[in-house]
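Undergrad: Let's have the full structure, built from the sequences with the hints guiding it.
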Amino acid sequence: MSLVTGIAVYIVLWWTVLFAVLPWGVRVPDKVAPGHAESAPERPRLLVKAAATTVLAGVLWLFVEWLATTDLISFRGP
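Just so we're aligned, residue 1 is where the sequence shown starts under the numbering used here, counting upward by one.
Please note that a few of the clues may not be correct.
[As the list claims (entries may be wrong)] Derived CB-CB ranges, DEER-like:
#, residue 1, residue 2, range
1, ILE11, TRP66, 13 to 21 Å
2, ILE11, LEU46, 16 to 24 Å
3, LEU3, VAL26, 32 to 40 Å
4, LEU67, SER39, 35 to 43 Å
5, ASP30, ALA8, 39 to 47 Å
6, THR69, THR16, 17 to 25 Å
7, SER74, LYS31, 54 to 62 Å
8, ALA37, LEU72, 42 to 50 Å
The hints are simulated quantities; they were obtained by calculation from the structure and are not laboratory data. Just so it is clear, the structure is predicted and the values come from calculations on it, not from any experiment. Ideal Cβ positions, reconstructed from N, Cα and C, are used throughout, including at glycine.
TA: Written out as structure tokens, the structure is:
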């Protein structure tokens, strides 16, 4: 996998994992302040979720890189 392809795959994986990680540990407040959405989380912990996303996307990228280099699955045309 070339450098540009590797970076593109990592970015796609990162955003996909982010949307999977965002709902982790979300708690809505019991009392909602006026002007706030009822579904807004109390503590979104975005830095923790971004760190978890980075690690998980890295592990998934290593798996995709392994698949591409071992030719277990061929990504090239016939």
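Undergrad: The structure should be examined with respect to each hint, and the outcome stated for every one.
TA: Taking the hints in turn, this is what the structure says about them:
The beta-carbon spacing between ILE11 and TRP66, approximately 19 Å, falls within the hinted interval of 13 to 21 Å. A hinted range of 16 to 24 Å for the beta carbons of ILE11 and LEU46 is consistent with their spacing of about 18 Å. Taking 32 to 40 Å as the suggested C-beta distance range, the pair LEU3 and VAL26 conforms, at roughly 36 Å. A C-beta distance of roughly 38 Å is found between LEU67 and SER39, which places it inside the suggested range of 35 to 43 Å.
For the pair ASP30 and ALA8, the beta carbons lie near 43 Å from each other, so the given range of 39 to 47 Å is met. Taking 17 to 25 Å as the suggested C-beta distance range, the pair THR69 and THR16 conforms, at roughly 21 Å. Range check, SER74 to LYS31: about 57 Å between beta-carbon atoms, so the 54 to 62 Å window is met. Restraint check, ALA37 to LEU72: a C-beta distance of roughly 46 Å satisfies the suggested window 42 to 50 Å.
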